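Peer 1: As a plain string of letters, each chain reads:
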Amino acid sequence: MYSFDIERPKSVADAVAALGADEAQPIAGGQTLIPTLKQRLASPSKLVALSGIEEMKYVRRDGDTLVIGGGTTHGTIARETAEHFPGLAGLAARIGDPAVRNRGTIGGSIANNDPSACYPSAALACGATIVTDKREIAADDYFQGMFMTALEEGEIVTEIRFPIPEKSAYMKFEQIASRFPLVGVFVAKFADKVGVGVTGASNDGVFRWSEAEQALGSNFAADAVSGLTAPDASDMISDLHGTGAYRAHLVGVMTKRAVAAAS
Amino acid sequence: MPKDHGIGASTKRREDVRFLTGTGNYTDDINVYGQAYVHFLRSDVAHGTINGIDTAAAEAMPGVLHIFTGKDFEAVGGIPCGWQVTDRFGQPMKEPKHPVLAHGKVRHVGDPICAVVAETLEQARDAAEAIELDIDELPAVVNMAKALEDGATLVHDDLGDNLCYDWGFVEENKEAVDEAIKNAAHVTTLELVNNRVVPNPMEPRVAIGDFNAASGDSTLYTTSQNPHVIRLLMGAFVLGIPEHKLRVVAPDVGGGFGSKIYHYAEEALCTFAAKALKRPVKWTSTRSEAFMSDAHGRDHVTTIELALDADHKFTAVRTSTLANMGAYLSTFAPSVPTWLHGTLMAGNYTTPLVYCNVRAVFTNTVPVDAYRGAGRPEATYQLERVIDKAARELGVDPIEIRRKNFVTEFPYQTPVAVEYDSGDFHRLMDKLEAAADFGGFAARRAESEKKGMLRGLGINCFIEACGIAPSNLVGQLGARAGLYESATVRVNATGGLVVMTGSHSHGQGHETVFPQVISEMTGLEEHMVEIEHGDTANTPMGMGTYGSRSIAVGGSAMVRATEKIINKMKKIAAHLMEAAEGDIELKDGSFSVAGTDKSVAWGDVCLAAYVPHNYPLEDIEPGLEETAFYDPANFTYPAGAYACEVEVDPETGKVRIDRFTTADDFGNVMNPMIVDGQVHGGLAQGIGQALLENSTYDPETGQLLSASYMDYAMPRADDVPFFKVDHTNGTPCTHNPLGVKGCGEAGAIGSTPTVVNAVVDAVQSGGHKHVTHIDMPLTPGRVWAAMNG
Ligand SMILES: Cc1cc2nc3c(=O)[nH]c(=O)nc-3n(C[C@H](O)[C@H](O)[C@H](O)COP(=O)(O)OP(=O)(O)OC[C@H]3O[C@@H](n4cnc5c(N)ncnc54)[C@H](O)[C@@H]3O)c2cc1C
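Protein sequences, first through last, are from chains S and A. Heads up: the first sequence at position 69 corresponds to 69 in full-length UniProt numbering, and the numbers run straight through without jumps. Heads up: the second sequence at position 581 corresponds to 581 in full-length UniProt numbering, and the numbers run straight through without jumps.
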């Protein structure tokens, strides 16, 4: 690790101010950032810890929307969304291990947009809104490819708003080493539409599988997916854990299983 | 009633108290006053010519004491290899120089180039970043077959090619084997890869060098399975320090699996630097460094042919193997694909003719050496896979074909040099058939199919050569060391007993088991016995722990030394009771005169030995301390029969192991609970290799792609089932005093073919008849591709 200064603001406003410094960077749960620092792959001059900001930690229901503070941990989300949004609770409950879930945050995950992160698939499938200290961004506009988002320098994810689906489920097929998703599919059924968000699979990062959304929109049944051609294998990630063809195939299998499991 | 102490009792592991309460003393827990820290600048390319190393700016950085480079080691030796293999043509293997720090060239990602010593570790790391390296990258040699092609890039220019040796065994049988295969009723051929694995002990390596300027003595604290071997190799061959000026301490060590047998450059560097700088120097490996500097395991590519007659008797086995040595020869690397491998190619069977050809190859990868089982898992895997394939081709039961070929008479002289002393393979198979409930398999398969899953059953038999090894024999085979073990037994004046053993415990549980043996022999309670190991200053010269040898060889040395002690104590007791020595019996911790009620307590004899007022000083010396060196007459031959049931998800290719059952013959068992643990650990490691673990290099660049736990999959608790293990059917070893065979490697040896056999069975049951083999690790993607290929 290189040396750095650390600040621990108590409010979003103070955090934004602190992030004005040159090469300052927010740190939330540190589950992604700390390993990066230890390997000397990042050298921020200053870390601005978001973990002391109580106003970023909450899960609440607001009509048909579930509103989650950007500083809320996976563990809290797993517990507190179980009643209203079991699909999301199931997703959060399978991130990493208890130590990771008790530190890692949804804001950190959404900000980092790892191509294998779980939440982005739910955000896309539900048509969530990403709220920052400056603005509100629709999920479709927010995720812009592997590790790329609409966030600007120093912008903080303060809240994520999920329209609550009638039924939903997340199916995660684990990469055997990291246990991040090799392919993860979030299916969300609403009264008027179905969303299918796919993570882990594509060279372009998280994406919506629109053919499946259409097919499921008219017939929300696992069989409806069977007839579809899988996404183009050449767009899929190919690495030592699986070929593009395998990932493309898994997108179909996991979608079917998510539909069958949706509750 | 199970015993509650002594041999055969499941005494709880006394060392676990300190391990589980965080009060162990591992090498990294040791801090020597005034110590400095070393950081190694390692090569980030697989192969390159070093044109220049500019350390000027780095030397001037805060806290930097010195930066060592390859030049500093020109005057001292290189890292030695402990085994010389002679090739098919009678020529010695090619043995490249292995400098402490890279010299002239870098040869694998992770090859150490500079050692930066500074007041703090962070200062050393900062300075390393300021070193300017001028390295011209060369094409990387990664694929073994390509490495042997004409015109291939050379890993070591002075060797002329990348072939370490071309070994044949049994060379005299070559033509007879060829003939038998030509005339066979049936020949089954299989090509397979024994995947490369990273050992991953829980504790990474650590080395601390210390130099006492007043006495001129050096001390090395290190994570080693065999401190005496390190002292000899490093002292005599690298740094030129005689044993009496060099102490090597290996305190609590958190697992080794082979990887901590070898002498590594970092140990030599720390010892050398401490003397040069007159400062203790400490190095603690990061996990990332462990991936690219601990010797890897396996990495064989093999074609095996099994010839059978019309009656399905095996008539010959022929193999051709490429074995990866990596960039340099690690301490015992040459022995693994040869003598630890070819000698097991008869397996549990009466196959009369065997010929193995092994070509060992240099590549731009981390050196490969012995890893849990070492050579024997490679032998078992290929033999048991080809037998399974043959059974399938011939449409016969895989158990029956094995039974038909079992060795049944012991001792049995194999065609591959070794002689099995004892065993009962049919009994093991009987036990397995009952315990694994083969009768219920069809019903379980039907249940799985209802859920849309494919269920497969795999079985396997194996034999291994452990208790390594008779020194005169291994000397003929090229070992540059003896493989005896030693023990000093000291009884104190007040009766307690200490064993100083040359064996080393790094998870095995010697501190618990060795006292059980002493207790059985003497009647002392186990808590009266203490085991000391791991420090060359207070243990006799011993060869350490690997090859399932601790109880078989180290335990035997301890028994011999204890017998000497008991004999001496009987003499003293005879004197004290004015009786004939021949009439003295030791029972329940006291000495009595046979046929009388006269007795003298253990403690009184001890006291007499150290306060020899009434003592036969003219006949015997005072004191109670005896040493024995034990050199085994033969290897020991643990054997087993294993069964595994898997479920394969046909949509994703994911394999789940549902059941795993073992029947092992370890000879006599000293502590059943500890043996269970050794088997469980071995099985988990074998299952890891079979399903998950793979050390992958980029074929073009030689970069290590699986360089962290993000990409290298270790088995976790939910990857393995509850194991059903049994070792109650032992046939005692006939040539060591305890009748023991060793149990440390069995699980890792027997499990890989069992798992793969089961997965192939499952996949075939799903109608994928073209799938006759899948290479390990059987990851979901590979299994899916095989089914859909
Ligand atoms: C062993 C392990 C297993 C894991 N498994 C999974 C898994 O299966 N699925 C999965 O999705 N994830 C997984 N993760 C990642 C985990 O979910 C992380 O917690 C998460 O990706 C990052 O959250 P964090 O709060 O730890 O962020 P940090 O590590 O603190 O920060 C990550 C990045 O986001 C920035 N950042 C943090 N918070 C904000 C914010 N509110 N606004 C703007 N920028 C911000 C930081 O500057 C940094 O660049 C795993 C992690 C580990 C260590």
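Hints in this document: simulated from the structure, not taken from any laboratory. Remember, it's a predicted structure, so these values are computed and weren't measured experimentally. All C-beta atoms, glycine included, are put in the ideal place defined by N, C-alpha and C. Just so you know, not all the hints are guaranteed correct.
[Unchecked claim] Taking beta-carbon pairs under 10 Å as the criterion, some of the chain A residues facing chain S (in silico):
no.	residue
1	19
2	129
3	130
4	252
5	691
6	710
7	770
8	773
9	780
Peer 1: Does each hint hold? Answer for all of them.
Peer 2: Results for each hint:
| no. | hint | in the structure |
| --- | --- | --- |
| 1 | 19 | 21 Å, violated |
| 2 | 129 | 8 Å, holds |
| 3 | 130 | 13 Å, violated |
| 4 | 252 | 25 Å, violated |
| 5 | 691 | 8 Å, holds |
| 6 | 710 | 5 Å, holds |
| 7 | 770 | 18 Å, violated |
| 8 | 773 | 19 Å, violated |
| 9 | 780 | 7 Å, holds |
Violated hints, in rising order: 1, 3, 4, 7 and 8; the structure is consistent with all others.
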